[in-house]
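Novice: Protein chains in written order, with numbering that gives the first Met the number 0: chain U, 0 to 442; chain A, 0 to 451.
None of these hints come from the bench; they were simulated from the model. Careful: at least some of the hints might be erroneous.
[Said to hold, decoys possible] Partial chain A-side listing against chain U, Cβ under 8 angstroms, derived: (1) A232; (2) I234; (3) P236; (4) G353; (5) A354; (6) V356.
[Said to hold, decoys possible] Far from chain U by the CB rule (all over 12 angstroms, computed), these chain A residues: (7) S133; (8) P174; (9) E181; (10) R224; (11) P242; (12) R325; (13) A330; (14) Q372.
Note that beta-carbon positions come from the ideal geometry of N, C-alpha and C, so glycine has one too.
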Amino acid sequence: MKMRRRQLLGALAGLWSADALAMGRVPIGGKLELSLPWSTVRIDPHDLFDPLAAIFGTMIFDPVYGRDANGHVFPTLADGMPRVEDGQTVVRLRAGLRSAAGKELGGRDLAWSITRARHSGANGLLATLPPYAKSDPKERLITRFGEIEPGKLALALSSPVCALVPHGYSPTAPDGTGGFSAVCSSSRLELTRNRFAGRGPSYLERVVVRSISDMADSLRAFEAGRDDLGWLGLGFHKNRAGAQKFDFGVVGWVVIVTGKGAGRFGAPGAAQQLANAVPIEKLHLGLDARRGLGSDSLWLGGPAALHYPQANAQLRAIAEAVAEKLSHAGHELTPTAVSWTAFRQLRTSGDFTLAIDLVRHPGSGPMGPLLALATADRPSLARDLAQHPPRIAYDRPAHHLTNTLRAGVLGGLAIRGGVRQGVQLAADRSARGWDLASAYVTG
Amino acid sequence: MGIRFGVLLASLTLPLAANAQQPPPNSPPKCECAAPRSTVDTLARAAASALGRIPDGTVIASAALESSEPAPRGNALTALILEHVAGRLGARVDPEARSVEDARKRARRAPGIVLLRPRIAQGRLHLGADVYASRRTVWTRARAPQSGPVAHAYVQAPIDAEVRSYLEPIAFEAPRVSKYREADPDIVALACGDLDGDGGAELLTMTRSRVLSVKLRDGKVARLREARWEELAPIAPVPLRQPLGFVTIVEPAHAAQGTGYVDASLTDRSGSVRLDADLKLLRRMPFKALPVAHATGCTWVVDLLLGEELLACDSGDPPIAEGKLRHRSDAFASTFATTRAGEGRTVFAMRRDGAVVVKQRAEDVVVGRAGAQLAVADLDQDGDVEIMSTMDVLAPRFDALEVRTLLASGTVKTRYKLPVPTGVQAVAACPSDGAGPRPVVLASQGEIWVVR
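Using the sequences and the hints given, assemble the complete structure.
Specialist: What follows is the structure in structure tokens.
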């Protein structure tokens, strides 16, 4: 099947996300530094709960399809739209693709990536796909997906949660096709121009993201001129001279989840009532404002721990604020940090009372937000919803999608803050949030 | 020694069996084309080649120069052409004769007469050459008193600085702009040249989705032929976010097989493609084809910039003289220019760190800051090249077409700056089409501007 004109144009638009046209070219090179109140230990594009993937994922990884501003799906790493061959829907990758580490990418990698995503964050998103993705031993670039309508497959694969990674990917040694290559450590995330980038290397040579343990540290560093970007503001004491605000919208949601120990608060919709009782918009925690909140409720389940994954300062600040607002005599909530591994086990087992978590916006069509939030409740529920979509308006705010879930939305995680003079940031045109690979420095 | 009968044309035809679905095998014939030369030398070689061997002792003469523009030294130009063609043919020059009859009267025993007919028209030097058979005996004169030529050649090439030195000089005046609507809105490269060898210029526009052959008429851009990138080349493994694109017309006189072709390269797509005059795919080439003198050379894109070395794009292409550029660049242009004495040189213009560096005769001259759209040509045919560039700005409203001359002394003189508030997306120089400087074409948001 030939690529349609609109798809081709979409693909090219996806390649080209800089604002500048012709005349002088976008300046190449330069380095940006910022501090972030999130853990930089690992990044996993297939993990629906990975904050680093929510904020930087689209600069390091690419799904094989993308969606433009009008919702049209276009091939990014795929060589055209999926097509049906011998009763199977087939995706062919572009020839010559390599990961940032130089690994050649083919159908085997895509099949492995999709299988991995299906067993992780894309559990609900891919529930309606046939249960396998197979490479073709005769044709290196092909992946077979069983019998499925090509447009539906392309839409599902357009989610950043279904990004292409090399076979055997490790979240602590990230390797993708995005504009940057990445090196993770407990103290920083280093992004360096990826010379194999499947959609174009970044203009910037390097971005250094320091992990900080205090939300205010980023604003202090920005105000003092040590950082080029300030997370969530223009300065701590006062605004940095010449700095500009930026806001690239919501890339995920911070949610409160009820577990097996929540008693009557474990009922569907109760978590959202708890979330509604927290005036998160007034607490300056970097969450997007919610409007039209429904009924609320304080915590009445006795003393309990409020778990959250450690080394995420913003999540800790949110957990502390939530605990303070929901607690009252005899029903104290205690913010409790647990390791990433332990938190993942809590998620799987449900053996907790309350937890604060982050859920990425998965893109992938109008049902994406509902399926992502449902996955935060139970993956099996997300699969059920995908297979039997409820007849609701999917374009409603996220906190109105949780009436039947055991996860309540506290607010959207927004890419927001201040940037110094001479730095031009760019929005991600085929996903959400920003695209530092298309950012550049003019001064 | 027999003279071949019939009409011989300077242009040969290349069998073109290519189509987009089945590209022809990538095995072109070995190039036997000459290095770039002056117009007079080029025409002399082409005419001599087209006429083939002539008998020893043949006399060559030339009709007076016909010119559509003032030619104060027309006779001297005629003599120059005559000497060059005579030298190529090995013929004896009769500088006085102006017709076949004249020549015959003055050289009755010559085995043949070659008569040249030089003409200046539409910015080109046209040269017709006719071979007349011997009429040494009374019987041959009685049998065919008015016999016609036994061989004919016709060649033409754009006027260069050497030819211009025999004509009225061209002066730069305030630019006049003609605008043509309905061009593609996102043009990344333009090319202008005589692709089919008919003496008129063809205009090509290139976007990220297609190459178009267009005609400018009635204030509009009419589309003639189209080649879509999706049918020409696969997407590059590592495209650039902001593309670099080049499209080059190689005129028949400078093509290996005497048939004009187009080389197009775009960083969105793998390698480059060579297209015929109908924009059908002739072959794919592994690297990025850039304009070099009258033809193309190939380089690589590394770390978002063009490479610092040029190689022949194809095994059939001539080797690139002076292919060591010494600079990596994000904009590139080249031309072949001659001095008024007819000495040729290849000129390269490269944009490095926002400044244009011009390389010619192994020397580098920094011309000044410029935007990413670049062209170089000797617009007024005085031997000094003009550098046409945009402004180094990112907002279209501040953009302009700036034309500067790099004088032989190494100094730079600004000719004019034409504001283009919608931004210049691509710029190219066209061959001369008559009196006045060569036209410059630029693309700007769905419009083609012709600047004279």
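Novice: All hints are to be evaluated individually against the structure, with a verdict given for each.
Specialist: Now the hints, each set against the structure:
no. : hint : verdict
1   : A232 : 11 angstroms, violated
2   : I234 : 6 angstroms, holds
3   : P236 : 3 angstroms, holds
4   : G353 : 7 angstroms, holds
5   : A354 : 11 angstroms, violated
6   : V356 : 15 angstroms, violated
7   : S133 : 63 angstroms, holds
8   : P174 : 19 angstroms, holds
9   : E181 : 18 angstroms, holds
10  : R224 : 18 angstroms, holds
11  : P242 : 7 angstroms, violated
12  : R325 : 19 angstroms, holds
13  : A330 : 7 angstroms, violated
14  : Q372 : 6 angstroms, violated
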